[in-house]
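*Asks:* Input sequences plus hints: build the corresponding full structure.
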Amino acid sequence: MKPGDCCLIRKGRYTELLEIEQLHGTKQLPITFKAWPGETVILDGTRPLQLKWEKWKDGIYRAEASGPVKQLFQNGRYLMPARWPNADIYDESVFDLHGRWRKAAAESTFGVMIDATPKVGDQKRAPWMEGSYVSQNTQTLSDTGKDFTGAVAVMNIGSWLSWAQTVGQHDPGSQRFTYSLDFERSGRAMARAANHFPKKTEFWRKKIQKGGEGYYYLERSLECLDSPGEWFYNRSEGWLYLMPRDGEIKLRSRQIDCGLRVRQSSHLKFEGLRLFACYASFSDCLSMTLDACHFNFPSATALGAGDMRRPEVTHFAYSKKFLESMDQRGTDNRVYNCSFNYCNGPALSMSGINDVVENCQFYAIDWMCLGNGGEGALNFGNSRGMVFRRNTVDLTGNSEGVRVGSRSLVEYNHISRTGLLQHDGSAINVGVNNIEGSVLRRNWVRDTAKAALRFDSANMGSPDVRYGHRGAMIENVCWNTQQVKVKGDGHQIIGNTVLGSPRVDVGILDRLLAGGINTQTLTARNLAGSISGAFHKQGIPIPGKHQNNWTGDVGSQLTNVNNFDFRPRQDSEVHLAGRNAQPSCQIGAYSHDPAQYWIPGHLSEKASMPIPRSGSKHLDPNTVLMWRPSLKAKSYLVYWGEKPERLVRLQKTAQCYLILPKTTSQSRCY
1 MKPGDCCLIR
11 KGRYTELLEI
21 EQLHGTKQLP
31 ITFKAWPGET
41 VILDGTRPLQ
51 LKWEKWKDGI
61 YRAEASGPVK
71 QLFQNGRYLM
81 PARWPNADIY
91 DESVFDLHGR
101 WRKAAAESTF
111 GVMIDATPKV
121 GDQKRAPWME
131 GSYVSQNTQT
141 LSDTGKDFTG
151 AVAVMNIGSW
161 LSWAQTVGQH
171 DPGSQRFTYS
181 LDFERSGRAM
191 ARAANHFPKK
201 TEFWRKKIQK
211 GGEGYYYLER
221 SLECLDSPGE
231 WFYNRSEGWL
241 YLMPRDGEIK
251 LRSRQIDCGL
261 RVRQSSHLKF
271 EGLRLFACYA
281 SFSDCLSMTL
291 DACHFNFPSA
301 TALGAGDMRR
311 PEVTHFAYSK
321 KFLESMDQRG
331 TDNRVYNCSF
341 NYCNGPALSM
351 SGINDVVENC
361 QFYAIDWMCL
371 GNGGEGALNF
381 GNSRGMVFRR
391 NTVDLTGNSE
401 GVRVGSRSLV
411 EYNHISRTGL
421 LQHDGSAINV
431 GVNNIEGSVL
441 RRNWVRDTAK
451 AALRFDSANM
461 GSPDVRYGHR
471 GAMIENVCWN
481 TQQVKVKGDG
491 HQIIGNTVLG
501 SPRVDVGILD
511 RLLAGGINTQ
521 TLTARNLAGS
531 ISGAFHKQGI
541 PIPGKHQNNW
551 TGDVGSQLTN
561 VNNFDFRPRQ
571 DSEVHLAGRN
581 AQPSCQIGAY
591 SHDPAQYWIP
601 GHLSEKASMP
611 IPRSGSKHLD
621 PNTVLMWRPS
631 LKAKSYLVYW
641 GEKPERLVRL
651 QKTAQCYLIL
661 PKTTSQSRCY
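Our numbering numbers the first residue of the sequence shown as 1 and each following residue consecutively.
Think of the hints as simulated: they come from the structure by calculation, not from any bench.
Quantities reported herein were computed from a predicted structural model and do not represent experimental measurements.
Hints should not be assumed to be uniformly reliable.
As the list claims (entries may be wrong) - Quick list of in silico lysine-lysine cross-link-like pairs, DSS-like style, CA-CA up to 30 Å:
1. LYS11 / LYS27
2. LYS11 / LYS34
3. LYS2 / LYS250
4. LYS632 / LYS27
5. LYS545 / LYS606
What the hints assert, rightly or not - Label pairs and their computed distance ranges (CB to CB):
6. ILE659 / GLN520: 42 to 48 Å
7. ALA292 / HIS618: 37 to 43 Å
8. ILE659 / LYS537: 41 to 47 Å
9. GLY211 / PRO541: 27 to 33 Å
10. THR26 / LYS537: 57 to 63 Å
11. ASP171 / GLN50: 35 to 41 Å
12. ALA581 / PRO621: 27 to 33 Å
From the three backbone atoms N, C-alpha and C, an ideal C-beta is built for every residue, glycine too.
*Replies:* Structure below.
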């Protein structure tokens with residue numbers, strides 16, 4: 001193929017690896033691989049399993065099968081590897097740490113897990129906070145009466161670190177099991193981390209015994225198989241056991257991991273492809289574009305084969321030699337309008353220069369969290385100049401949600417329910433070496449037990465503590481989260497709206513040993529419940545320069561927090577304070593003017609996310625209807641009413657807002 005060529009791919013499932021090497025288009029004439037218009041093209045990592053099934057017992061079927069078996073699908077639906085306690089991906093219960101994992105007792109030691117019974121009713125104030133129970137699991141390990149020797153234990157025993165290890169010894173009726181302290185099968189990084197963190201007595205005492213941060217669950221054992229939609233493969237005996245969902249047993253099994261592999265190529269575009277049960281790999285490539293490509297179940301572990309590492313994921317990777325040859329150029333890759341769903345590992349990893357991830361959706365990411373401790377659900381920590389714009393991220397397990405590299409621009413993203421299966425962490429994290437020149441602006445972060453935004457530090461507690469300089473957090477909205485955490489110095493923390501944090505809403509840390517300097521940091525025009533020089537205590541003086549901030553009951557100042565309308569009311573204290581400031585200014589992320597109201601997140605083919613939401617009640621007569629624009633529309637037809645079949649056309653408009661009729665009734669649902 002030559003520059004400017006386009007390969008149109010007809011509909012179908014393609015189960016072989018698509019491999020490309022040393023293929024080059026140009027900036028003006030890229031080479032395109034595209035789904036035929038109107039047809040569905042699937043790069044499929046699975047193949048049908050033709051097996052002779054026999055009824056075994058207790059609703060379980062079995063068949064002889066040659067391995068390995070990594071992922072199974074019945075009639076297109078994902079089947080869970082048998083586990084205890086039970087959980088499923090489709091009802092999101094795999095992300096319920098407190099209800100679908102088991103808690104480690106304080107008596108546990110490194111190498112010996114002792115099961116603890118959570119106290120009934122031991123709940124915090126909100127379901128998004130650590131310690132709350134989405135569903136209460138009260139069956140203890142001894143209650144099962146089963147022998148789990150040989151199962152795989154997935155253990156969060158390192159706060160922001162988790163490992164998988166084979167159960168060495170467990171007796172029926174016992175509350176404890178043993179596991180090996182040799183973590184070489186977890187990979188070098190995690191083996192080193194095991195020796196550096198949980199192996200140390202002080203770390204274990206602080207995090208597990210006092211902090212109560214130890215959790216585990218068991219899988220890959222026939223003893224775990226007791227729920228429809230689960231399976232277990234006995235590798236040594238060659239038997240596949242299945243408790244099927246309703247319907248005929250038609251299975252597809254993952255046979256290849258990588259569906260698209262591109263090496264040493266440039267200026268290629270992949271458009272409209274679907275990758276099912278396989279990931280994409282780009283190595284030493286320039287100017288790759290993924291446009292409207294959709295990934296489902298792209299990554300899978302090999303725990304059943306004894307490989308305890310986190311699985312390979314869709315990635316753009318570079319050798320050190322290649323990056324050194326780039327001089328001042330960028331790798332200039334672009335992931336646009338794509339979706340990544342049900343990824344058992346980070347959804348996407350990029351380590352290039354000036355790459356862009358824009359208008360994508362990420363859902364149900366990483367429910368084992370077998371990383372290396374330096375990753376996130378979206379892993380860009382080794383990138384430079386990354387732009388992460390207009391994306392929606394929801395439901396992730398890794399302690400870090402979006403982890404970005406140096407000089408990153410993170411803007412107009414809607415991020416929620418992150419860090420559900422580990423401790424520490426933040427929804428958007430910028431590491432100590434990556435803060436300078438990085439800008440976090442106009443993002444929504446909500447409903448997470450982790451910090452919302454974080455400028456981090458390293459070597460905390462020692463005289464060698466390291467911290468970053470000159471980052472910016474501008475006009476973000478964060479609610480129902482932990483703090484906005486600002487370590488380092490010389491930052492701009494301007495115009496953010498933060499509410500609903502349990503202790504401190506915005507922490508401008510003034511503690512040298514923790515990496516909090518901030519003598520040159522500017523904190524201005526922020527609207528928050530509290531702003532403090534500490535993370536966990538209000539009233540500590542704010543270091544650096546600070547001006548025109550407003551603290552107090554934020555919800556009372558805004559139009560309608562429950563409907564995501566964060567504009568200050570025209571008669572509010574904060575609106576008047578900004579108007580009367582010298583010079584006048586906007587306090588918080590929004591002005592009162594609806595024409596300037598921005599709604600972050602993925603733009604779809606149609607307008608989305610109406611504010612107030614569909615089905616809203618108790619609307620004021622002067623309510624303003626606002627919405628997120630569509631991807632390409634230039635104007636909108638607005639319909640309004642109490643029932644979908646009885647809507648009245650209000651207006652055609654090029655704006656993304658409209659003042660509703662004054663006849664709106666507070667007692668009716670719209």
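*Asks:* Hints the structure violates: just list their numbers, smallest first.
*Replies:* Violated: hints 3 and 5.
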